Each structure stands twice: as C-alpha cells, then as structure tokens.
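Chemist: With the hints as constraints, model all of the structure from the sequences given.
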Amino acid sequence: MNNVLKFKNKKTDVAAQDEIYNFAYLDENTKRMIRRALIKALCIPGYQVPFSSREMPMPYGWGTGGVQVTSSCLTTDDVIKVIDQGADDTTNAVSIRNFFKKTANIETTEKTSQASIIQTRHRIPEEKLKEKQILVYQVPIPEPLAFLEPRYQETKKMHALSEYGIMHVKLYEDITKNGHIETAYAYPVKTNDRYIMDPSPIPKFDNPKMNNNPAIQLFGAGREQRIYAIPPYTEVTSLDFEDYPFDPSKAPHKCSICGSNESFLDEIITDDDGNRSFICSDTNYCNQRMENN
Amino acid sequence: MQPILSVHNLNKYYGNQVGCKNMNLTLYPGEVVGVVGESGSGKTTFINSISGNLIPDSGKILIETGNETIDFLEISESLKRLLIRTELAFVHQNPRDGLRLDVSAGGNISERLMSIGQRNYGNIRQTIFKWLDKVEIDKSRVDDFPRTFSGGMLQRLQIAKNLVTSPKIIFMDEPTGGLDVSVQAKILDLLRKLVRELNLSVVIVSHDLAVIRLLADKIIVMKNGEAVESGLCDQVLDDPQHSYTQLLVSSVLQV
Chain Y
1 MNNVLKFKNK KTDVAAQDEI YNFAYLDENT KRMIRRALIK ALCIPGYQVP FSSREMPMPY
61 GWGTGGVQVT SSCLTTDDVI KVIDQGADDT TNAVSIRNFF KKTANIETTE KTSQASIIQT
121 RHRIPEEKLK EKQILVYQVP IPEPLAFLEP RYQETKKMHA LSEYGIMHVK LYEDITKNGH
181 IETAYAYPVK TNDRYIMDPS PIPKFDNPKM NNNPAIQLFG AGREQRIYAI PPYTEVTSLD
241 FEDYPFDPSK APHKCSICGS NESFLDEIIT DDDGNRSFIC SDTNYCNQRM ENN
Chain H
1 MQPILSVHNL NKYYGNQVGC KNMNLTLYPG EVVGVVGESG SGKTTFINSI SGNLIPDSGK
61 ILIETGNETI DFLEISESLK RLLIRTELAF VHQNPRDGLR LDVSAGGNIS ERLMSIGQRN
121 YGNIRQTIFK WLDKVEIDKS RVDDFPRTFS GGMLQRLQIA KNLVTSPKII FMDEPTGGLD
181 VSVQAKILDL LRKLVRELNL SVVIVSHDLA VIRLLADKII VMKNGEAVES GLCDQVLDDP
241 QHSYTQLLVS SVLQV
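Protein chains in written order, with the working numbering: chain Y, 1 to 293; chain H, 1 to 255.
These are calculated hints, taken from the structure and not from any lab test.
Since the structure is predicted, the reported quantities are computational estimates derived from the model, not experimental observations.
Ideal Cβ placement from N, Cα and C applies to all residues, glycine included.
Just so you know, not all the hints are guaranteed correct.
[What the hints assert, rightly or not] Covered by chain Y, per the in silico footprint, the following chain H stretches (three or more residues, Cβ under 8 Å):
| # | region |
| --- | --- |
| 1 | 72–85 |
| 2 | 120–130 |
| 3 | 153–164 |
[Claimed, not checked] A short list of chain H residues far from chain Y (calculated; beta carbon distances all over 10 Å):
| # | residue |
| --- | --- |
| 4 | 2 |
| 5 | 13 |
| 6 | 17 |
| 7 | 24 |
| 8 | 29 |
| 9 | 94 |
| 10 | 143 |
| 11 | 149 |
| 12 | 177 |
| 13 | 190 |
| 14 | 195 |
| 15 | 197 |
| 16 | 217 |
| 17 | 239 |
| 18 | 240 |
| 19 | 253 |
[Said to hold, decoys possible] Here are the simulated DSBU-like cross-link-like pairs (lysine-lysine), alpha carbons at most 30 Å apart as the crow flies:
| # | chain 1 | residue 1 | chain 2 | residue 2 |
| --- | --- | --- | --- | --- |
| 20 | H | 60 | Y | 157 |
| 21 | Y | 130 | Y | 40 |
| 22 | H | 223 | Y | 170 |
| 23 | Y | 177 | H | 134 |
| 24 | H | 80 | Y | 190 |
| 25 | Y | 170 | H | 168 |
| 26 | Y | 170 | H | 80 |
| 27 | Y | 177 | H | 139 |
| 28 | Y | 156 | H | 130 |
| 29 | Y | 170 | H | 139 |
| 30 | Y | 156 | H | 168 |
| 31 | Y | 156 | H | 60 |
| 32 | H | 134 | Y | 170 |
| 33 | H | 168 | Y | 157 |
| 34 | H | 80 | Y | 157 |
| 35 | Y | 40 | H | 80 |
| 36 | Y | 177 | H | 130 |
Modeler: Have a look at this one:
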C-alpha cells in the first residue's frame, strides 16, 4: 500500500505519467502473490515454485515472467536496467524499459553499476554485480529435465528425490557424439548442492558468474508459471564428468570495438564476402571501456 | 541362510476384482523362482506388486540387504526408489518399456551407473563395453539408438541396462515373450549363464513352462489370482498334484 501512496504523490508532478495503471502495472494482490513465491524460491535455492502467472500486455516468450518478477520487486527508488542478449538497445530491452518507465515512472539506466534491478534475457552483465542488486532472468523453459522426461509429475518426483542420473546421460550422449560436452547454453547447474536448475538460455560462459554472486538472482517463467531463485553467495556448480570438466569456453577473438579479451562476443557478418568481426555482447561494458580509454 | 526376499500374504484387488490373493514367496540368494499360469491369472499383478510398480492392498514384503531387513511396503518413497534403481531390477516383457529409445545403447546402460554417482566418463565407458560383451551385443553398436536394434538385441540391451549396477534381486516379466523361438533360446541361454555366473536371485514370470523348467529352481502355479501349487520346479512339473497344474503340464505341445 505504501508504494501506491508514495507513487501517487510522486505522480502528481509528472504530467507524462499514465494514470490508469497501478504502480508497475500489476495490481497489489498479484504482486503480493508473486513476492510470496519469490521468498519461497529464495529459501529453497533452485526449486521451482509455481505461481499464477498473469496475462501481460506482451506475448509469451517476450519476457512475461521476468516482467512480472521485476514488477513485484520494484519500488519508487529503484533504478532499472533491461538487457537483451547483453544489449541495452535491442527491441525487447527498449520496450520493457519503456514499459516500466510508463507504468512505474522510475529511473532507468544503461549502466550496470547504477542499476538496482537488472532484467535480462540470456546474459549476465560482464561487470561484477554487487550486494543489493537484483538480477531478473527471463526464462522460457524452467524445467531442466523437460527434454529428457516428458512427464511433468515424474520430473517433480525426480527433483524431490534428487534422482538426477538422467541429466548426466545427456552429457554422456554429448561426449559420445561430439567428443566433448556440446551444450553451449542453458547448461544445467546444481544449486546449493541440491536442486538441478536450468539457468535459462545464458551462454555457458556466464555459468561461473552465478556462483557465489553477491546479487540476488531471480528467474521468472511466465508461460510455464514457475519462479525460482539463487540467493546471494550461493554455490552454483555446472554439471560435468571428472575426465571431462566443465569448460566455460570463449571465442578466440578480441572485441573489435573495445579490444576486450575477456568478454562474451557476438559474431557479426560485415559484408557479402563472408568477412566477420567480433564485438562485445554486453554493450554497456563495451561503451564503458571506450569511455575510459 | 536368510531369504533375500520374502513375501507374506500379499493381496491386491482392482475394486472387487481379485488381482492376486494370499500370495507367499521365499527367494534365497542365487535362486530362481518361476511364476506360471494362464493369461489373467494374476502373474503380472503379483510381480508388479512385489517389485514396487504397484502398491498392494495388504501383506508384507521383506528384503534382506545384507546389513538389515527392509520392510518394502513401509519404507519412504525416496528409499524405495533408491532400492529400485540399485538393489532391484525389472526386465519388462516389451524392452521398449524399459529403455529410453532416443538415448544411445551406451547411454541406456550408463543411466543407472550415473544415478548412483559415477562421474568418470572413461570408467563408465569401460563398464558399458564389459556389459555389451556379457550380453553378446557387438561393441560397435554402442553409440547406436535402440530403435535400430532387433527385438532380441533390445531384450539383451534391457538386461544389460538392468544388471549393470549388480542388483540383488531381478524381476522378469515374460522376458522372452514376443520373440521368435531361436532368439528365445539365445536369450534363455544368456539368462541361464548370467544367473549362474553372477549368482543372481530372480523372480521370473512366464506362461511358457519350457522357460520356467529351464531357468527356475522353484515354481509357483497361479490360477484366478491365487497360488494353487508351489514347490521345487522339477517336482511340480514332473508330478503335478493340482488338477490345473496337471492340465498345464499336459497341454504343452510335444514336438
């Protein structure tokens, strides 16, 4: 309730604010329901908590889960950053940022260090996150066992009883077929030495960043109606074999804009002759490096 | 010697319909018990009830693990499933029920190994080859999908998949059903060899008396959900006492 009142006061001096929306679009009861799911998810790291996902003014697959989680976490003091595949300026990122600007009238930023909430699609920012930051992931398919065991009830049992042998069967098949673990994104992790979790389709390059991260990591799957979370400083390990250890892997190139050797790169085809260059997928990281040089 | 599995007064009803009634069984280590009977006599209900696939209405199932006696119907679901994937094995009549068809042959065999915590690819691979050899599947087929296998090979693969963790008790529901006679003979040969070599304790269900005579030490004859006769295999089949057993024995085709 406080939020609403505070917001209403603030609203009076902002003419551009659309009056028909509650703060951050969702109604307070829905936000409360989602917050309850979030608290449960934080208490049981990696466990998928069902929640009653709402119809959002965007199609499934465009981040409805992430938007609902963000909406439930927002306060009027928050500064939000939205990235899509690391970039601040792609359609999905821009439209979600505008959505919250319009419905919550809050400050937005492109700077990772200045954001208190970062909603992300398929990347973790290169810059180290800090305490008191929240990273919200958009998740298409929350169930890591979904492609191996189609029966939902059975996967619930497998999670409950830690029957995870089949997850390694997938990695076994990868090595057998390709000589190495081929899975390059949505690489399964074990959270807090208990639940196996799908980290959403982030590149496996980002997997190590989830481990012991000081920020809160929240995962929202709108269509599948699931929320899960990693509390700060939680152990997150990527599955592997003793003789085939997890390898985050990185393209053997430098960013052709900022020259970074450490960031995750996008491959860009530059002309019809098949020439290509590599640039940082995290646009803010790249820009900051250029400004500092 | 302690029996490894003992079943006391087991009942399973489907509504008013009798599944199996008042069933008893004692299985000693290294022993093979055969369950025979016509279709609908409750054989499969019985084996499903004692292997954890079905929950019986009443009765007692005791499993001896070496350290302790486990009351199979009283233990928690998690312990039960742990037992099912380590100490127990179930060979289905249709191998497609017991295999993952979109996972390679090697992957199928490896699943139980990895579910008990093996994490070394090289070692797992070695174990897979050892078992392919044991069940006489060519090593070159290790990365092929089960759907490219013949019926007999599928059954042998299912047996390897189940035996790889050296389970103490193996349940088999018509393991040779649906296979042609020469392939049946091969599978039986293989089973007989594995039973002797690995000292397996087996409960096997079959309507085929020849299969039972070949493999089993003891036999239980079922009719209408009840055991009508039981005892040593040769004794029961050579000198059947109950009229139904007499009928069964006499109706075997003499070629």
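Chemist: Any hints this thing doesn't respect? Which numbers, in order?
Modeler: Of the numbered hints, 3, 10, 22, 28 do not hold.
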